[in-house]
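**Q** Full structure from sequences and hints, please.
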Amino acid sequence: MDILEKLTILTDAAKYDAACTSSGGTRTSKKGYIGNTSSSVAGCCHSFSADGRCVTLLKVLMTNCCVYDCKYCVNRRSNDTRRAAFNPEELADLTINFYRRNYIEGLFLSSGVLRNPDYTTERMIRTLRILRETYRFNGYIHAKAIPGTSPELVEQLGLLSDRLSVNIELPSEAGLRTLAPDKTKQAILAPMRQIQTRNQQNKEELVKYRHAPKFAPAGQSTQLIVGATPDTDLHILRLTQGLYDKYRLKRVFYSAYVPVVEHALLPAKDVKPPLLREHRLYQADWLLRFYGFRAEELLDDHHPDFDPRVDPKCSWALNHLDFFPVEVNTADYEALLRVPGIGVTSARRILTARRVGRVHLEDLRRMGVVMKRAQYFLTASGKMPDGLRFTPDSLLRSLIAAEQPLLPQQEMVQLSLFDSAGA
Amino acid sequence: MTEMVYYYDGSFEGFLCCIFDSYANKEILTAIDHDEDAMPTLFATRSIVTDRDHANRVFRKVVKCSPYAAELLRKGFLTCLPEKELHLYRMVVKLLKEGPDFLRNFSDEILYPVITAVRHLNGEAHLLKGFVRFSELGGVLGSEIEPKNRVLPILRSHFCARYREETFFIYDRTHKEALFYVAGKAVIRPLEYFQMAPPDETEANYRILWKRFYDTIAIKERYNPRCRQTQMPKRYWNTMTEFQDESYFRPQSSPAAVPAPDVPAGISAPGTPPAPGPSAPGSVP
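If you're matching them up, the sequences are chains Y and X in order. Take 1 as the starting number for the first sequence in my numbering and just add one per residue. Take 1001 as the starting number for the second sequence in my numbering and just add one per residue.
Hint data in this document are derived by calculation from the structure and do not stem from the laboratory.
No more than 30 Å apart at the CA atoms, straight line, and that leaves these computed lysine-lysine pairs for BS3-like:
hint, chain 1, residue 1, chain 2, residue 2
1, X, K1148, X, K1084
2, Y, K185, Y, K246
3, Y, K272, X, K1211
4, Y, K372, X, K1234
5, Y, K272, Y, K185
6, Y, K250, X, K1220
7, Y, K272, X, K1220
8, Y, K269, X, K1220
9, X, K1084, X, K1097
10, Y, K30, Y, K208
11, Y, K269, X, K1211
12, Y, K6, Y, K71
13, Y, K214, Y, K31
14, X, K1185, Y, K31
15, Y, K6, X, K1220
16, X, K1148, X, K1176
17, X, K1148, X, K1211
18, X, K1084, X, K1064
19, Y, K272, X, K1234
20, Y, K6, X, K1211
21, X, K1084, X, K1176
22, X, K1185, Y, K30
23, Y, K250, Y, K30
24, Y, K31, Y, K208
25, Y, K185, Y, K203
26, X, K1026, X, K1084
27, X, K1176, X, K1234
28, X, K1026, X, K1097
29, Y, K185, Y, K250
30, Y, K31, Y, K203
31, X, K1148, X, K1094
32, Y, K71, X, K1220
Please read these numbers as outputs of a predicted model, since none were measured by experiment.
**A** Shown next as structure tokens:
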């Protein structure tokens, strides 16, 4: 099998992994080495695929042979699909040549479980060794820690990579039991905990010894599949919050379940992936990480799922109208961030501008505030926009109307005289 | 104070001298233009001679008032803002008159056009850090870009750090200049014409591999061309490997590249040797 064919099979098998970021690395360039990871805090996108997702790393599997039989996965052993495996040398050569041509920011290496988790991880480590030591590659590497790998190997993997991730995949233990019978919650959480404690230790080491080897300096992330199991948004968001709080994760990714296999326990194959739900979860994820919201504020047991019509922040604002309007000249940073239409950047701009003079209503648009949402929730020097009249009811309607054109539209269908209505 | 139109040589120093002379002659500028596109006008005009000392004095003064303003001035000159000279001139005048406080107000009338133009420049440079595509030609990495702003000075530090041990060049088709990096030294030189040589066997092979990777990584069920175009506007596609037609992936045996006289050794010959022209943009006097 030639390398082009291998690349096709192993890319195709890896594409359902949502995580593809090169953020969080701060490694500067070194003499005699190629590459760095410090292009910007948020990472660097090298292309965007036809589905609009960023392509920053060479995202492939080491092999798509797998001994597990997780029902939702294309690579499960009972699936009749073509199998391939990279040699460590081949993959290292491919990575370095893509990197030199500025196609990619680094390597995202994952793998199906070949023989057992330890053997698989050893093969991954060998690839990364060749890259780091033979090719003197100094760019970004994201590696998957496979549940069930022995801690010594995870340690080695962490010393070679910038970021590690362990995929939780199914947000509940019940889901895991039915759909991924070979994985247990314990096996997933063990490497996560190890990476977190080791990362913490490493920070202390680095304070004591400047040249101490770095262990996964860009932290760890995980992925949850949305829509394969009947878990609610509240459950997913609580889990996310727990991961950020207790495991210090850098990112939690959500992947709308794309039905790839027919199975009685899974959504049917003609079900569309729940993209809007995924979008709302990402919006809520940002609210948790940058806006000081808590999962309990956004959802509760009476409303366990997000309103598909408005974003979570608007939804919160509509339920807390007594918090508004916020006066932009006096409100503190946290209060500004709660206003729909004001983000981290525009809130900072308001704070700096306030130090040299009053902020007026007409300045806000130029500062990046999205007035079509924010106008209902703020005042500048006590003034709201002229002629703005609204009731809580009409407010919801105008907010829905404001977001409507941004959402994917339903396909137009030509009506026919002869179809029975509503059929 | 009389109103005047100034002409200068197009360099950053020349522009700073316009500011210097406007103060020396007690004149208010209504337009600042290149020498070349000087059109007959009814207004009083003056051609400014570039003087490094004067330019230095202006820049040092701005740095002293606010290092942030100096950065805006330097970067603002690289942008594609129409009448950028006039906008920057007004910013300096306001800075010298009122002090640096207005720089904190993002929505300030004088500052806003400059700051949005600089954001556009930074944004474009950030995107290009990812979108630049190199081809290997005899051990040298070469690429072409078509940016709206003069991004090469911004891209310089990024690519020099990343490909420290390599030899590479980036050709800017819009502004007809190129960034050369050889043996740890980077220069930006005007370059009238450049044509990329066809790929050899290995190069064509990696192009094919990358195209295949790109086509495979997209999930069919999530097809969303509008999202892609928002993130990666079509004007960048022209120079990206992913969107080239078939001939781009066909290897051709090409005649060996001959080094041109003035080009640093080791770089395959571009069309014409770079002529000694105005100093590289972004170099602080």
